[in-house]
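J.: One line per chain: the protein sequences are V and A, in this order. Position 123 of the first sequence, counting from 1, maps to 122 under numbering that gives the first Met the number 0, and the rest follow consecutively. Position 3 of the second sequence, counting from 1, maps to 2 under numbering that gives the first Met the number 0, and the rest follow consecutively.
You can trust all of the hints, since none of them are fake.
Here are a few chain A residues that face chain V, going by a calculated C-beta distance under 8 Å: (1) Q18; (2) V22; (3) S23; (4) E30; (5) S33; (6) N38.
Derived EDC-like pairs: lysine to aspartate or glutamate, alpha-carbon spacing no greater than 20 Å straight-line: (7) V/K229 <-> A/E61; (8) V/K232 <-> A/E61; (9) V/K159 <-> A/E42; (10) V/K311 <-> A/E30; (11) A/K28 <-> V/E342; (12) A/K28 <-> V/D153; (13) A/K35 <-> V/D307.
Away from chain A, derived, C-beta distances all over 12 Å, residues of chain V: (14) E55; (15) E129; (16) G246; (17) L398; (18) G406; (19) G447; (20) D517; (21) G563; (22) R601; (23) P606; (24) G650.
Since the hints were derived computationally from the structure, they do not count as laboratory data. Positions of the beta carbon are idealized from the N, C-alpha and C atoms, including for glycine.
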Amino acid sequence: MTSFTGRILCVDLGNGTAESRSVPPEVYEAVLAGKGLEAWYLYKHIPAGADPLGPENILAFAAGALCGTGAFLTGRWTVACKSPLTGGWGDANCGGVFAPAIKQCGYDAIFVSGVSETPVYLFCDGKTAEVRDASAYWGLDATEAENALHADLDPVCRKKPCVACIGTAGEKLSLISGVCNEGGRIAARSGVGAVMGSKRLKAVVLAGARPMPCHDPEAVKALSKELGRKIVKMSLPSGFGGFFGLGGRMMGRMPAMPMDGSLAVYMFREWGTQANTPLAVTSGDGPIKNWGGTPKDARGLPPQYNPDKINKLETLKYHCYSCPIGCGGRLDLRGRRYAAYPETHKPEYETLESFGPLLLNKSLDSVLQINELLNRAGMDTISAGNTVAWAIECYENGLLTKEQTDGLELTWGNTEAILALVRKMVDREGFGDALADGVKRASERYGGKEYAMHIGGQEPGMHDARNDPQLGVHFVAEPAPGKHTVGMGMEYGAMSLCDICSWAPPATLHAKKKDREDTEEMALITKANACYTMLTDGAGGCLYGVMMGVHMWKLVDYLNAAEGWDYDGDHYMEIGERIQTLRQLFNVKQGVDPASFRLPRRMLGWPSLSSGPLKGVTLPQHRAQVSSHWRAFGWDEKTGVPLPETVKRLGIDRLTEVDV
Amino acid sequence: MKKPVFDYRNCVSCGICAQACPVSALGMKKEGKSGKYRNVFPELINDDCIGCGQCARACPMEVVTMEEAGDAG
Numbered sequence: 000m001t002s003f004t005g006r007i008l009c010v011d012l013g014n015g016t017a018e019s020r021s022v023p024p025e026v027y028e029a030v031l032a033g034k035g036l037e038a039w040y041l042y043k044h045i046p047a048g049a050d051p052l053g054p055e056n057i058l059a060f061a062a063g064a065l066c067g068t069g070a071f072l073t074g075r076w077t078v079a080c081k082s083p084l085t086g087g088w089g090d091a092n093c094g095g096v097f098a099p100a101i102k103q104c105g106y107d108a109i110f111v112s113g114v115s116e117t118p119v120y121l122f123c124d125g126k127t128a129e130v131r132d133a134s135a136y137w138g139l140d141a142t143e144a145e146n147a148l149h150a151d152l153d154p155v156c157r158k159k160p161c162v163a164c165i166g167t168a169g170e171k172l173s174l175i176s177g178v179c180n181e182g183g184r185i186a187a188r189s190g191v192g193a194v195m196g197s198k199r200l201k202a203v204v205l206a207g208a209r210p211m212p213c214h215d216p217e218a219v220k221a222l223s224k225e226l227g228r229k230i231v232k233m234s235l236p237s238g239f240g241g242f243f244g245l246g247g248r249m250m251g252r253m254p255a256m257p258m259d260g261s262l263a264v265y266m267f268r269e270w271g272t273q274a275n276t277p278l279a280v281t282s283g284d285g286p287i288k289n290w291g292g293t294p295k296d297a298r299g300l301p302p303q304y305n306p307d308k309i310n311k312l313e314t315l316k317y318h319c320y321s322c323p324i325g326c327g328g329r330l331d332l333r334g335r336r337y338a339a340y341p342e343t344h345k346p347e348y349e350t351l352e353s354f355g356p357l358l359l360n361k362s363l364d365s366v367l368q369i370n371e372l373l374n375r376a377g378m379d380t381i382s383a384g385n386t387v388a389w390a391i392e393c394y395e396n397g398l399l400t401k402e403q404t405d406g407l408e409l410t411w412g413n414t415e416a417i418l419a420l421v422r423k424m425v426d427r428e429g430f431g432d433a434l435a436d437g438v439k440r441a442s443e444r445y446g447g448k449e450y451a452m453h454i455g456g457q458e459p460g461m462h463d464a465r466n467d468p469q470l471g472v473h474f475v476a477e478p479a480p481g482k483h484t485v486g487m488g489m490e491y492g493a494m495s496l497c498d499i500c501s502w503a504p505p506a507t508l509h510a511k512k513k514d515r516e517d518t519e520e521m522a523l524i525t526k527a528n529a530c531y532t533m534l535t536d537g538a539g540g541c542l543y544g545v546m547m548g549v550h551m552w553k554l555v556d557y558l559n560a561a562e563g564w565d566y567d568g569d570h571y572m573e574i575g576e577r578i579q580t581l582r583q584l585f586n587v588k589q590g591v592d593p594a595s596f597r598l599p600r601r602m603l604g605w606p607s608l609s610s611g612p613l614k615g616v617t618l619p620q621h622r623a624q625v626s627s628h629w630r631a632f633g634w635d636e637k638t639g640v641p642l643p644e645t646v647k648r649l650g651i652d653r654l655t656e657v658d659v
Numbered sequence: 000m001k002k003p004v005f006d007y008r009n010c011v012s013c014g015i016c017a018q019a020c021p022v023s024a025l026g027m028k029k030e031g032k033s034g035k036y037r038n039v040f041p042e043l044i045n046d047d048c049i050g051c052g053q054c055a056r057a058c059p060m061e062v063v064t065m066e067e068a069g070d071a072g
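Please model the complete structure; the sequences and the hints are all you need to start from.
T.: This is the structure:
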């Protein structure tokens, strides 16, 4: 026995059918489950040139290989499809309990094709799977819809259902919308919500109670027990948060260095990702003023985003399925300014940065409200923040008039105008309508392309390539461009990948400027990082597991115990390489030119910044670094297309002949 | 019939036991402290428990044991 159910659910909304199909073991051996299984299936089954918002696109929901085995930090579920934002590979993932719910229905993944004429939801309880009328839930925000489905279905289900659904942004086909679960926690990127909306699929409701398979559950649990005992003892004294602005300034001047992965655990247990905001502003990691500003522009902002201040609003921590860290929390917003909503999830760093320093917005209260507004609408805060930043810069430079912005005075830090614009985007009202499809479309309509920060159509995550050139490589070499979750230099310093992979270079203490150079070592580092992240995604693992390093979160040992295999790290890294190559082949099949993904000039250092930790920093070797990264993967160094010998070496030619 | 009993001292709030329950008799509803952190822990939230022991078998931290209902403390 392995951890795989061996079955997938294939739903066709065109005719309302749902069919269970078996997947041969060699597919799982090659790509695991999660994003790997999705890459294999979507590459094979979405025809070239398919309309992302049409019936030929397939929307996939998948759990990872380790989900349900007792392995910690393996509760991520991944949504994948052809992205309407980039025209190529699209995926997003999220935590919660939806991943085990997929497996408890007896499936590793659910693939939804076709378009329904009327709003529907998919219901599956492990015995039956059916497409049901969702007209009663259409028009509700994600949290309202989830609550309404629970009210209707909990009393008639033996096992409490899990719900993943779109909010109104997905219904309105916003190209920057995502899929939500557990009260607005969102798989946000790549426009996956618009694809779900285009299919008129409001929700997927899962209420199965099947046992989840595992080869050696006792061995898996022993690994988790060892990790859990360490983590439960880890806590920081309170009160450090106020010093993070200063800490960031020091970090900005420090060299790159190997780090202990336990640092990430301490940070995420104490604050969640939100701790990074003041650090990022002063260290050069976080973008300021639409990626063109410096810490001087953001003077006074770090104290507003003091993580201890946010923690004081926290009423309760919560954990994703199988997570001993618990970075999530509920915040009480009653009595706060702009408090249209009484509570919200503790915002992620990405949201705080996107609507705080990126816009020079000093109002934490407004960002907390925007967090809830966008979570409920099901709109990506990263993409939305970048788009609002573009609008402000256009307005400040006279490219947009007050008439065009529906009377909004879109100036830096104008909290009221920012809030009003976000509401307009969510409702697709007036000026907000064009912005609801992201910054690329908005700039094509109104101009100001030089202020539109996107890579291949997708807005970048809130980390600056000038500070972390390895991230810059991933931003453009990643088949879903602009994602910040594939690799970073800082992460690599904590992962200790060289201890499981024979070809991964060790992390070293070195001057940051060395990371801007095109070297074979750098290419192997970015390749190793991407391969390990893809492996993690196939396993359903959390990025925090990656950040802990291989000695704390023992992915290789977990996989061998869960599957009954005896493979070494090199073998598993090749699985990650295969998944990444399949995703790149997906883009090639869909006519997306990998070489067309480019960092915005601003992120390359043109014009260069005049002060702060990134003063004068440029990335002249960035394109050469990308070419070297492609070459390390066995992809053409000029075009980024996987070479035939690479496809053969990874067995992808045989794999794509396997049918279900 | 045996029912789950929890030794919260070793609980890491991972929710594996609650999700393993086939009848949703367990929920992460009990509020308490984990070190300095205010956190959630598993508890029986209704009378639906069928005594199957899946929660105890799933828990990696050996927090959950099955005991006769009368012995549960």
